[in-house]
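Engineer: Each residue of the sequence shown is one higher than the one before, counting from 1 in this note's numbering.
It should be emphasised that the hints constitute simulated quantities derived from the structure, not laboratory data.
Computed from a predicted model, the values in this text were never measured in an experiment.
Hints may be right or wrong, so weigh each one.
[Stated by the list, open to error] Simulated restraints on C-beta separations: (1) D38 with R10: 16 to 26 Å; (2) K91 with D291: 35 to 45 Å; (3) Q175 with Q137: 27 to 37 Å.
[Claimed, not checked] Straight-line distance between alpha carbons at most 25 Å, and here's what the computed PhoX-like set of lysine-lysine pairs gives: (4) K49 with K309; (5) K309 with K119; (6) K285 with K209; (7) K209 with K171; (8) K3 with K65; (9) K91 with K114; (10) K309 with K276.
Where is the CB? At the ideal position from N, CA and C, for every residue including glycine.
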Amino acid sequence: MEKEYLDLARRILEEGTERQDRTGTGTKSVFGHQMRFDLQKGFPLLTTKRVYFKLIKSELLWFLKGDTNIRFLLENNNHIWDEWAFEKYVKSPDYKGPDMTDFGLRSQKDPEFKEEYKKQMALFRESVLNDDAFAEQYGSLGNVYGAQWRAWQKKDGGVIDQIKNVIESIKTNPQSRRHIVSAWNPEEVPTMALPPCHTLFQFYVEGNKLSCQLYQRSGDVFLGVPFNIASYALLTHLVAQETGLEVGEFVHTLGDAHLYMNHMDQIHEQLSREPKAFPTIKLNKEKSIFDFEMDDIEVLDYHPHKAIKAPIAV
Numbered sequence: 001m002e003k004e005y006l007d008l009a010r011r012i013l014e015e016g017t018e019r020q021d022r023t024g025t026g027t028k029s030v031f032g033h034q035m036r037f038d039l040q041k042g043f044p045l046l047t048t049k050r051v052y053f054k055l056i057k058s059e060l061l062w063f064l065k066g067d068t069n070i071r072f073l074l075e076n077n078n079h080i081w082d083e084w085a086f087e088k089y090v091k092s093p094d095y096k097g098p099d100m101t102d103f104g105l106r107s108q109k110d111p112e113f114k115e116e117y118k119k120q121m122a123l124f125r126e127s128v129l130n131d132d133a134f135a136e137q138y139g140s141l142g143n144v145y146g147a148q149w150r151a152w153q154k155k156d157g158g159v160i161d162q163i164k165n166v167i168e169s170i171k172t173n174p175q176s177r178r179h180i181v182s183a184w185n186p187e188e189v190p191t192m193a194l195p196p197c198h199t200l201f202q203f204y205v206e207g208n209k210l211s212c213q214l215y216q217r218s219g220d221v222f223l224g225v226p227f228n229i230a231s232y233a234l235l236t237h238l239v240a241q242e243t244g245l246e247v248g249e250f251v252h253t254l255g256d257a258h259l260y261m262n263h264m265d266q267i268h269e270q271l272s273r274e275p276k277a278f279p280t281i282k283l284n285k286e287k288s289i290f291d292f293e294m295d296d297i298e299v300l301d302y303h304p305h306k307a308i309k310a311p312i313a314v
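Kindly generate the complete structure, drawing on both the sequences and the hints.
Structural biologist: Following this line, the structure appears as structure tokens:
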């Protein structure tokens, strides 16, 4: 099944067009691609490079809690979202440190600046973890995924809990074509640190199996997409357990699927490696999806190739 992902990377390298992007890094991109993963045949955590599952499960639990503040992630040693929150802080009047403009690109090119950036980021993380007022103001990312999934704002002041609603819908009307959760809220996109990349997902029940299809408007194929595949596969497992079903397929549909130009060496290294067997997933059978903690989810028999580092484009 890992071939699905590797074939996407090869397609971008062979057929993609070079495009400028918001970050100034540049990408090679294709538009419109679909991958399918049979979850009965293993858990799709890539093996051609190590993908850190603890980061995946802490981020998904963060979404499911309805949380939008990076403090929970930092408490779990997860730094996936740090740059987005840090960017908001260094652009604010409260930031008094050295100029951090374009810190993502500058830290790759200037060793002296990189050290200063690391120092300022460490101070920022410490403040989010230990200063409640600072965390509330600068740890928040706006109404990103967790808020949309669990507390979509209504005009009358109420909220819609899309996750609870879709679970109830699967239980009571399994053949419905409306098992949908959307993170794309046009009214609130301008206030989000990063507009949702994985914008909408839909569940489908066939017999006793639950499948999930994700539509992702934009996919960073080297860094982001491996996380997205595993995250939504895990979500499918969690919702299946909650609704008394077995897992079926995870179907991943991408809009703009791209490789950043500064990830080319890394993707070529990954493509040179031979895939291994996918691992399996183990969940605490005694808990509801809404009560899961980190220790309630385990990945078993994961034996990947070594990790491949690459810079994130902010």
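Engineer: Work down the list of hints and note, for each, if the structure agrees.
Structural biologist: Here's how the hints hold up against the structure:
1. D38 with R10: 16 to 26 Å: 21 Å, holds
2. K91 with D291: 35 to 45 Å: 37 Å, holds
3. Q175 with Q137: 27 to 37 Å: 46 Å, violated
4. K49 with K309: 10 Å, holds
5. K309 with K119: 20 Å, holds
6. K285 with K209: With a Cα-Cα distance of about 17 Å, the restraint between K285 and K209 holds, given a limit of 25 Å.
7. K209 with K171: With Cα atoms ~12 Å apart, K209 and K171 stay inside 25 Å; holds.
8. K3 with K65: With Cα atoms ~33 Å apart, K3 and K65 exceed 25 Å; violated.
9. K91 with K114: Judged against 25 Å, a Cα distance of about 18 Å means the pair holds.
10. K309 with K276: Holds, at about 20 Å.
Violated hints for the displayed structure, listed by number in ascending order: 3 and 8.
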